[in-house]
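Student: Going line by line, the protein sequences match chains A and B.
Here the working numbering is used: the first residue of the first sequence is 5, the next is one more, and so on.
Here the working numbering is used: the first residue of the second sequence is 417, the next is one more, and so on.
Note that these hints are calculated values from the structure, not bench results.
You can take every hint at face value.
Some chain A residues near chain B, calculated using beta-carbon distances under 10 Å:
#	residue
1	E390
2	A400
3	T401
4	L410
5	H413
Since we're looking at a predicted model, the values are computed, not measured.
Glycine included, every Cβ here is placed at the ideal spot set by N, Cα and C.
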Amino acid sequence: MSQPDQSFDFNRRNFLKGSSLAALMTMMGGVELISPAQSSDAASSALRKPKVKVAVIGLGPWGREILDQLGRLEQADIAAICDNYPAMLRRSASKAPDAVQTENYEEILANKDIKAVIVATGSHQHKDIVLAALRAGKHVYCEAPLAHTIEEAREIALAAKANSAVVFQPGLQMRCDPHRRFLLPFIRSGALGKPIMARAQWHKKQSWRQASPNSDRERAVNWRLQQNTSPGLIGEIGIHALDQAAWMFNVMPTAVTGFSSTIVWNDGRDVPDTVEALLDFPEGVRMNYHASLGTSFDEEYELLYGAEATVMMRDGKAWMFKEVDAALLGWEVYARKDNFYKETGIALVVDGSKQRNLSEATTDDPGNALPQLYYALEAFLGNCHEISTEVDEFRATYGEDNEEALAEHLAGVVQAREAKRQAPGYLEGYVATALALKVNEAVTSGKRLELRKEWFELT
Amino acid sequence: MKTMHTQYTNRILLALMATGLLAISASAQTVRFNSQPKGNKVVVSGDSSIHKWTMESGIIGGTMEVDANFPESALTNPEAAKPTVNVYVPIRTLKSGKATMDERMEETMTASKFPRVEYKLIELKPKSKAGATGALEFDAVGALTIVGKTVTNTMPVTIEKKDGKLKVVGSTPIKLTQFEIKPPVISLPLLPDISVYDDLKIDFEWNLAPRPEKK
Numbered sequence: 005m006s007q008p009d010q011s012f013d014f015n016r017r018n019f020l021k022g023s024s025l026a027a028l029m030t031m032m033g034g035v036e037l038i039s040p041a042q043s044s045d046a047a048s049s050a051l052r053k054p055k056v057k058v059a060v061i062g063l064g065p066w067g068r069e070i071l072d073q074l075g076r077l078e079q080a081d082i083a084a085i086c087d088n089y090p091a092m093l094r095r096s097a098s099k100a101p102d103a104v105q106t107e108n109y110e111e112i113l114a115n116k117d118i119k120a121v122i123v124a125t126g127s128h129q130h131k132d133i134v135l136a137a138l139r140a141g142k143h144v145y146c147e148a149p150l151a152h153t154i155e156e157a158r159e160i161a162l163a164a165k166a167n168s169a170v171v172f173q174p175g176l177q178m179r180c181d182p183h184r185r186f187l188l189p190f191i192r193s194g195a196l197g198k199p200i201m202a203r204a205q206w207h208k209k210q211s212w213r214q215a216s217p218n219s220d221r222e223r224a225v226n227w228r229l230q231q232n233t234s235p236g237l238i239g240e241i242g243i244h245a246l247d248q249a250a251w252m253f254n255v256m257p258t259a260v261t262g263f264s265s266t267i268v269w270n271d272g273r274d275v276p277d278t279v280e281a282l283l284d285f286p287e288g289v290r291m292n293y294h295a296s297l298g299t300s301f302d303e304e305y306e307l308l309y310g311a312e313a314t315v316m317m318r319d320g321k322a323w324m325f326k327e328v329d330a331a332l333l334g335w336e337v338y339a340r341k342d343n344f345y346k347e348t349g350i351a352l353v354v355d356g357s358k359q360r361n362l363s364e365a366t367t368d369d370p371g372n373a374l375p376q377l378y379y380a381l382e383a384f385l386g387n388c389h390e391i392s393t394e395v396d397e398f399r400a401t402y403g404e405d406n407e408e409a410l411a412e413h414l415a416g417v418v419q420a421r422e423a424k425r426q427a428p429g430y431l432e433g434y435v436a437t438a439l440a441l442k443v444n445e446a447v448t449s450g451k452r453l454e455l456r457k458e459w460f461e462l463t
Numbered sequence: 417m418k419t420m421h422t423q424y425t426n427r428i429l430l431a432l433m434a435t436g437l438l439a440i441s442a443s444a445q446t447v448r449f450n451s452q453p454k455g456n457k458v459v460v461s462g463d464s465s466i467h468k469w470t471m472e473s474g475i476i477g478g479t480m481e482v483d484a485n486f487p488e489s490a491l492t493n494p495e496a497a498k499p500t501v502n503v504y505v506p507i508r509t510l511k512s513g514k515a516t517m518d519e520r521m522e523e524t525m526t527a528s529k530f531p532r533v534e535y536k537l538i539e540l541k542p543k544s545k546a547g548a549t550g551a552l553e554f555d556a557v558g559a560l561t562i563v564g565k566t567v568t569n570t571m572p573v574t575i576e577k578k579d580g581k582l583k584v585v586g587s588t589p590i591k592l593t594q595f596e597i598k599p600p601v602i603s604l605p606l607l608p609d610i611s612v613y614d615d616l617k618i619d620f621e622w623n624l625a626p627r628p629e630k631k
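Required output: the full structure, derived from the provided sequences and hints.
Tutor: Written out as structure tokens, the structure is:
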């Protein structure tokens, strides 16, 4: 990182090295292809961020990861942590040393100082906590999937819809990733040509089974391994890739055929350890998704194939692979390129200029890229502050008995906010959950399922 | 006969006096209008070394205490042209559509210390002719307070009463330096500084209705 006092001591090479591809492309009269948020982030780094008192409910591995990311966010004032298993509270204590510890989430909801809660319990436990939190007027970040049944997901989404005075954000963190948001209009504009197909995978060799001191705890902590509490690999993991494909293609799939097996972890679980789903999109486009706990080879990535080019999203980055007969885009001459076996990928990533690559070993290392969860939580806390401010000011100005006018006012604020701190809401959370649960149904039954439009409508 | 005539005259005089008193009473009766939660808008627009910008809020608070025939009465009656008007806009509700700009504005305006832009009317100077109806034109002279610094401001406004409700529309240029605010300069790594220019414009539409009777 450059020191501030050295910022005026640079030559042309350094300028090109440090500047964004956008600036370079603008100079060359080309196409801007970096996230503009990067420059504003740099400008805002010196500003003091308003703090939001937040609590985390559910302190399993993901809950602790949430605490880690909150710890990096200036806006986060972690006021309380909650888990009904005391050992988890003790284990998380060092990540939030000033937070109140409680085994009862209702204590958090009763605390008027706490403005926001993050629900990271098992999916089957979300509903009661989220509905109570919304009733208590808390902003809610609910991990994805929203629930393990469509009925419960719908109940959550409808409650969030009815409560416009609070922020509801589902844990679809990929939608908050600035790189993905930068990529979205690029893909939707047809830069890949006619869509051909999509492919995504998630491979990790791990059992998903957690050690436990007794049988009661064993059942509680390993909720992911039983179908009556868990939507399995598709619901817990695949939901993100499926949601991304539908988001990028801007269309929902119409049918799904699924397969599943338990090959490696035959330990009494009834959730398969290997799944595969073939989703039909309109106009003959299909997506193949597979996930496995039996192999870690090639880990995880997503591919969107088009007649002109293919995009690969991996490790918080993206690359474009052009077809030989595709038209040359002016900017790509200057873009950074990385080799993948016999292919050359054009980096679609911030700071991905050719000039930067000349002097730095960029390789595939994600470097200092922040995790998607960080961006999701940053957006959530920013939105919590903004909506709380609007609600407080509105009520202070017009009184407490103008809730209809407040809802109308907030609708305008939310519309402006969506263009700003872009984050998904209850509808995106519901649709992604419904899709994942239906795909899981096809996968576990081994059948083809026509995906009816009404399943994705929030009524 | 003379007595009857005198009695008749006295009755007429009494009736006229009563009517006059009622009229005076009606015009002197003060009505308090409160800001309405719908339809308000304030837009602050400005320029910078890279682009023009705007910030908007839908929240305008405040009250107007006027006589029952306002705003028509303010065209002819100097007292009616001095209603009690207090207005404010919460700084934190001004939004640009860009989070960074909003945060910087709040910092520049020291919103934590001075959370509101405030305005107090001194008098209305009529521009519409007596007897005019609809949206009546005035020059509003008032005290505009930003970041604790008060400046006398004159701006053109229109005031319209319709269905018992008031709508005030106005616009005024201001300078940041009038309020001892240094126009911010934003430094970006490896890019030229961005300077916000001194001249701003405030446009607003403010809707008020009579204060409802307490139930």
